[in-house]
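Q: Spelled out from the first residue to the last, the chains are:
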Amino acid sequence: MSRIGVFVCHCGHNISQTVRVSELAHFAAGLPDVVVAKDYRFMCSTPGQDMIANDIREHRLDRVIVTACSPLMHEHTFRKVIEKAGLNQYLLTIVNIREQVSWVTDDIEEGTAKAKALLNGAVYRARLLAPLSSRVIDVNSDVMVVGGGIAGIQAALELANTGKKVYLVEKNSTIGGHMAQFDKTFPTLDCSACILTPKMDAVLQHPNITLLTYCEVSEVKGYVGNFDITVRQKARYVNHDKCNACLACTEKCPGKGISGWDEGLIKRKAIHIPFPQAVPQRPVIDRDSCTYFLKGKCRLCEKVCEQKAIDFEQHDSFLNFKVGAVIVATGYDLMDTRPLIQYGYGKYPGVYHALEVERLFNSAGPTSGKVTMRDGKEPQAIAILHCVGSRDKNNYEHCSRVCCMYSLKFAHLFREKTSADVYQLYIDIRAAGKGYEEFYNRIIEEDVKFIRGKGTRVAPSADEPQRLIVEAEDTITGKFVRLPVDMVVLSPAMVPRSDYKEIARLFNLSTDKNGFFMERHPKLAPLATMSEGIFIAGVCQSPKDIPDTVAQANGAAAEALTIVSRQKMELEATTAMVNPASCCGCQNCVRVCPYGAPFFNEQKGVSEINEALCKGCGLCASVCPSSAIIARHFTNEQVLAEMEGLMEF
Amino acid sequence: MTDFKQIENNLKKEAKKLLESAEVPVVLAYTRGYDEKHPMPFAAKSVADVEKIVFNEYCNFNMARYIMRFPDAAKIAIAAKAADSRALVVLIQEEKVRREDLVILGIPASGMKDPKTDQLIDSRTTGGLYNPVEYDILLGEEIRGQKTVSPYAVLADYEAMDKEARWAFWKGQLDKCIRCYACRKACPMCYCDPCFIDQNKPRWADKAPQSPGNMMYHLTRFHHLAGRCIDCGECSRACPVGIPLYLFHKKVAKECEEMFGQAAGMKLEDKPVLVDFRVEDSDQILK
Amino acid sequence: MSQAITPYLEMSQAIMEAGGEALKKCYQCGTCSGTCPWTPITHFNIRKLVRYGQLGFDGIEEFMWGCSTCKFCVDRCPRGVEIIDIVTAIRNVYSGGGMLPQSLRAFVGSLAARGNPWSGDQAKRNDWAGQKYPLYAPEMEYLFWTCCTVCYDPRNVRIAKTTAALLNETGISWGLPAAEVNCCGESVRKVGDLDLFARLKQKNLDYFQSRNVAKMITVSPHCLATFNKEYGEDYSVVHFTQLLDKKIKEGKIKPKKDFGGIVVTYHDPCYLGRHSGVYDAPRNVLKAIPGLKLMEMERSREQSMCCGGGGGGLWMEKLKGERLSDLRIEEALATGATVLATACPYCITMFEDSVRTLNVDDKITVRDVTELLLESMEINIDESVGDVCATD
Amino acid sequence: MSFEPKILGIACNWCTYTGADLAGTTRLHYPQNLRVVRVMCSSRINPSFIFRAFQLGADGVLVGGCHPGDCHYNTGNLYARRRLAVTKKILEFAGLEPERFRVEWISASEGNKFAQVVTEFTAQIKELGPQQKLKIDELLEKI
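Chain order of the listed sequences is A, B, C and D. The working numbering applies: residue 1 is where the first sequence begins, and numbers increase by one. The working numbering applies: residue 650 is where the second sequence begins, and numbers increase by one. The working numbering applies: residue 937 is where the third sequence begins, and numbers increase by one. The working numbering applies: residue 1329 is where the fourth sequence begins, and numbers increase by one.
Honestly, the hints are just simulated from the structure, not real lab data. Fair warning: there could be bad hints in the mix.
Unchecked claim - Listed below are several chain D residues computed to face chain A (Cβ distance under 7 Å; list not exhaustive):
1) H1357
2) G1385
3) D1465
For every residue, glycine included, the Cβ atom is placed at its ideal position computed from N, Cα and C.
Could you put together the complete structure from these sequences and hints?
A: Pasting the structure below:
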């Protein structure tokens, strides 16, 4: 038997104008289990609240029903009231007789009748309410940032500056990401290294940032506030503490490997640093091109190293980190354009893709900034092809957003550094950012030839075998054009990193059809994800330019702070729970939950629910065929009881 | 069309090979009941058992029902007719058993008979397939060229009835139900233990075999089988009071196929429809 | 007269209703016109044709007949527009009033009257066989569907004979279609006469159902693509080269005669390659012939250049210098090949013309893959057009 | 006194319930036959709730949820759409008037749509008359 207290509010006369409140209180008093029923002008006022608190103590009430405005307005207030009076805050039901009764009718008979029915339903429900306590978990205040490109660097610095400890994990041997490969950036033509290296250095010097380069995340356990992440530290074969970066070893090393940093344009030593301003400024040995690892003899680097920093016995090691939040900023790759045989990338040496051209322009690049092609000559005519693979149902339907702008930048650099004619083959010039249109106009004035038509074929020129012919239709004139050029630059689609599936699996992220990570809400929560405590920033979410990436990095840092700035975190109380006795192990709940809260316990053969991840939506409870799942505060019994009460009158 | 005797011999041959090589500890098939016309489900565990295996036109039992009886068997062989193979596909989709843990002995069969009436089972009351959709070894020649009629054709006159008549029909039928749960027992898809109707918290319906309780049990069970029922007709054959449950299950299966473009247990890579969604499902299905 | 024109949207509505809804999807990026083999050599421009269709501009009739439906543009279109359906729809709408070009009226008339485009007598459809081969009957496994071109066109009749002879070598049971059948209707459909196509198709379907045909072998890729795409799914249709490839692998067909290193290049017919996805079968057949050196042309497989015969092109008069088959012959010569092999009667006809008009018939001969295989198996049917490798 | 139907409403907290409140704050009037149960998401609705509602004598059941894509829990209403569609087909085949069970997507900002749907639905149910089929006359089953 329960002892229910019903408190009817007049809300001034908002309610009393179309509901006979005293009659309602009188009606309530007559209902079974109702021990006290009162009405008052303003239940939410202090005297009103005190009245409820006193009655709870005086009448030893174990359920409270407040018949007033919408629960969305004051449920929180009255929960605090009954909690202060010693009653569990969830033993409360609000009956909405203002927004959903008194304000929507002017017939007092109809209003009172409906109020009675709603109140009766609430009494049925109140009888079955159970006390709930929301679990409080402590929150680890450290953060892990995955990906050391400009997004990861920016987020790490922002968080570190607020005093939080940050672990920055980068797969490559240096941070900087693709931005460090560029020479200039649009639209200001700032030198990319000049604006990036200070931040890279700040990351290295920052006491709160632990830099983990040449590392990959291998396992993620735990949940928001309490992630337990294992990172694989790939063997560098160089002891970074001893090494003082004199780089003598890199001169002596005979090993030759393809330089991934220079997009394969040149070879680099087996022991190497990718580029002069690399952070950390420490070399690594690449096994696949080191003569010692291949043939078993050499070890020249070991001989010349005064610091004795070379250590061939090193092997991969696993490090473990506890963090409260994670920011995934794994960036992008350019689409491999080899399958698009019509452009002849990989077949004709004169065909380059965008990152290769960035390296050609870069003074630390393979040609030290001089625009010379693979055959050593300077091109006299260059064609830049837009939308290679982008905006194309057969490849990637999305627009990669930045290629128009960097293609314009290339055109400017080609015109500045060479005497070549430059053609741009485009469908639309998309220059919508701040200062972008002005940059576009400036390039037009540098006499770059714009041809409105997608490039459709690159083939060797019949009469000048060294040169290439680019075919397209200039749709403005309707003429089919053949452009004799020396160099063809492709602007390929920006796509997620090739291992995006692995990252998505590790952090329980879903991806769109192209592999970009899915945000919780495209407009209102672009940086949060369906996994609580995991945030995303930069191009891994969708193609964007550097300003937007930095803005997102700052946003993600702020969102991560909302979690790690607190020691404690209150979890939802109205989560779901599996009653193991009734669970038949069909795993429907595991299949439907968008948050991955239910999991299947192999030994017991039943499902269980990780309450930290559960949001309390109740989906699992309704798909469970043997109704074994209890959706706290909205259990099957409570809902059925309320329905019965509502239908009784 | 390979006749039943030949299929029986092939079944025995394969069962013997599997049990001899100990590739499987058990072969689910049929054996002789109390007479020729009433076979029984049978789990052959040794080469000696193989002699008892029988297959004839009365072997309607859906052996997929017994898969869960052998949880610790690493691998199970099972004789599977067309509908039974679809039941296996659904069980695999719902991860109750793994495809590699099954040796499916496919039986193309037509002309099955109902032991109770000794009449040919009207193919319109079943899924209308003759060849198993999934098998490792086929025990007979695939049946070709049978005039296949849509399994949902039999619904036409029930759908044509006006709703009062249909209500009277179904109320009359479901009132007959004595809640013996034979339909649940016979159904390979009803593996929940406990079933929702056995629960007390909440007590969805009264346990007594009266109309309200019967209605809640059957309507909810029709919903639980939506997109999962493989239309084998066993529930109706098992029902002691002869309620044509297959009709309602067929209607739900037809609606699911129209709304979600997927028939139950046809393709291994499908996901059961009610634990899946498509953003582009049209809102018309709610009208 | 003012230069301003208002869009005639009823016309684009009609085009869309005739099967060209994809008009809406095109954002005029120029990939199709940049890919189309006709754009560099004629005033035909597929993008402009679609644009005129989008807004219903008049003047569309001048260049709506230039397309040979080679599907290169469809495969490359970034918006996935079914451009061939648009071309067919435009032709259907505009040619409804009988505004067919002069050169097409004869072939459409013959189809309407005699069920084949060559004004051949319907009853004489199987005369080329000289009663040597049986008509199809239900217990046979394959219906050998002879395209009208190999039944009536003098040059291509030889291909009918070679394929029939080869069929007997494979040991499968097959039969010829009765004379009551008519053209599969591919070309007339692409020319836009959808009603005539429907009539032709129904007649064939009735014949198929009456004999409950299940499996078919076609000589012409045009029949292959039409049966697969337009005749419903209940027929399994293979091209002749696919069957040959299988039978060679099974050892049922063994080429013997060594061709002594003769250089051959293979032209992928658009309807066998891009429309039906068959690229390797014909090549395997050629490679099975001992001593035959196969050279690939620069534009081959998915990038193959059309011979110009599709979409009614076989019957259209093209100006000198505006013929794709001429360019293709030059490309074949560039590989150093002395034999241009292909697997479609339309291509054979177009290339035989070009070889003569460019008078290079001494430098290169045009052969169907089946003719080369038959020659290598040293089977000679009664009249021959000369062996390719008169070695001795 | 003319027949006053009893209509059960099940509304999702984030969208339809908030929409209903908005109808109140903008003082839109609609008939008072609707009695609303608040649940956290339309996907919380177990089909058996609907059968139970009709057994309890509801003359009409109105379910309100967020528009597909707006669900606070991302995919909840997408599952609900399928489950409630199957429920509707089962009730229809059993012989219940299909108009008695209705599902509407009503967002938090569509107060007027809520009022309009309730008004329209109440009139429709009034016309159909009392629901006697599934209704349990003597309430012998107490939950």
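Q: None of the hints should be skipped; say for each whether it holds.
A: Against the structure, the hints:
At a threshold of 7 Å, the smallest CB-CB gap from H1357 of chain D to chain A is about 6 Å, leaving the interface hint in force. With a least beta-carbon distance of about 5 Å to chain A, the hint placing G1385 of chain D at the interface is held under the 7 Å criterion. Violation of the interface hint for D1465 of chain D is found here, the shortest Cβ-Cβ separation to chain A being roughly 13 Å, above the 7 Å cut-off.
Violated hint for the displayed structure: number 3, the only one.
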